[in-house]
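Trainee: Sequence:
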Amino acid sequence: MDNEIIVQFVFFETMGDNNEFISQWDQYSKEIKKTQKIKLQQETGSKKKAKYLSQHSCYKDEFKFVFKKERRSAHFPEVEMRVRQLGGYTPLQIQCNHNSKTNESKVFVFMNGYETDMNSCSKLLHYRFLNIYKAYFESSNYDYILEFFVANDQSTEFMDQLKTQTGHFESGIYKECVLQAV
Numbered sequence: 001m002d003n004e005i006i007v008q009f010v011f012f013e014t015m016g017d018n019n020e021f022i023s024q025w026d027q028y029s030k031e032i033k034k035t036q037k038i039k040l041q042q043e044t045g046s047k048k049k050a051k052y053l054s055q056h057s058c059y060k061d062e063f064k065f066v067f068k069k070e071r072r073s074a075h076f077p078e079v080e081m082r083v084r085q086l087g088g089y090t091p092l093q094i095q096c097n098h099n100s101k102t103n104e105s106k107v108f109v110f111m112n113g114y115e116t117d118m119n120s121c122s123k124l125l126h127y128r129f130l131n132i133y134k135a136y137f138e139s140s141n142y143d144y145i146l147e148f149f150v151a152n153d154q155s156t157e158f159m160d161q162l163k164t165q166t167g168h169f170e171s172g173i174y175k176e177c178v179l180q181a182v
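Heads up: the sequence shown at position 144 corresponds to 144 in my numbering, and the numbers run straight through without jumps.
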């Protein structure tokens with residue numbers, strides 16, 4: 001199918017000044033937004049490092065990797081950061097395709113090879129919507145990425161429930177960013 005959507009996930013972890021990252025992200029994303037839909041989320045609760053997760057959506061025939069597999073991207077030459085490309089994924093289930101609300105957080109769960117656990121994840125309580133993405137490329141870091149939309153006041157309880165039920169997955173609570181350099 002030519003109009004199939006691919007979502008590319010990328011982790012950013014910065015040690016330096018958030019304003020430098022934000023300023024360079026704004027500049028970079030203006031160029032990319034011409035061809036791709038981009039969402040940037042910041043992990044909550046991380047005190048020493050700023051951690052971000054971006055989602056780049058485009059049609060399969062327009063898909064290309066955005067970042068090089070280098071320690072630093074040419075797009076962010078001045079900011080000390082680690083960039084980790086997670087790969088491209090196809091949406092299996094989209095219950096929510098709009099931005100999260102201010103009273104919502106997103107909980108991302110990164111899974112490898114546990115389809116039965118994915119079914120138990122979908123039975124968890126306290127979430128509003130669940131988007132499921134399946135690896136499109138063999139080189140993708142994970143088999144599945146689950147994106148739960150959870151009320152802010154229930155996000156910690158949801159994470160506790162997730163860890164109790166599935167304990168072995170990488171996960172985190174993220175807030176969508178509306179970035180502006182100060």
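What the hints contain is simulated information worked out from the structure, not anything from laboratory work. Do not rely on the hints blindly, as some may be mistaken.
Distance condition first, Cα-Cα at most 16 Å in a straight line; then the derived EDC-like pairs of lysine to aspartate or glutamate [unchecked claim]:
(1) 37 x 26
(2) 49 x 20
(3) 51 x 170
(4) 49 x 80
(5) 39 x 80
(6) 39 x 176
(7) 101 x 176
(8) 37 x 62
(9) 60 x 20
(10) 123 x 153
(11) 37 x 80
(12) 101 x 26
Ranges between beta-carbon positions, derived for each pair [unchecked claim]:
(13) 18 x 164: 30 to 40 Å
(14) 101 x 138: 19 to 29 Å
(15) 84 x 18: 13 to 23 Å
(16) 62 x 125: 33 to 43 Å
(17) 125 x 18: 14 to 24 Å
(18) 161 x 96: 38 to 48 Å
(19) 113 x 93: 15 to 25 Å
(20) 157 x 94: 21 to 31 Å
(21) 19 x 112: 32 to 42 Å
(22) 119 x 4: 17 to 27 Å
(23) 128 x 163: 12 to 22 Å
What you are looking at is a predicted structure, and each value in this text was computed from that prediction instead of being measured. Cβ coordinates follow ideal geometry from the N, Cα and C atoms, glycine included.
Trainee: Could you work out which of the previously given hints the structure breaks and list their numbers from low to high?
Mentor: Violated hints: 5, 9, 10, 11, 12, 14, 17, 18; rest satisfied.
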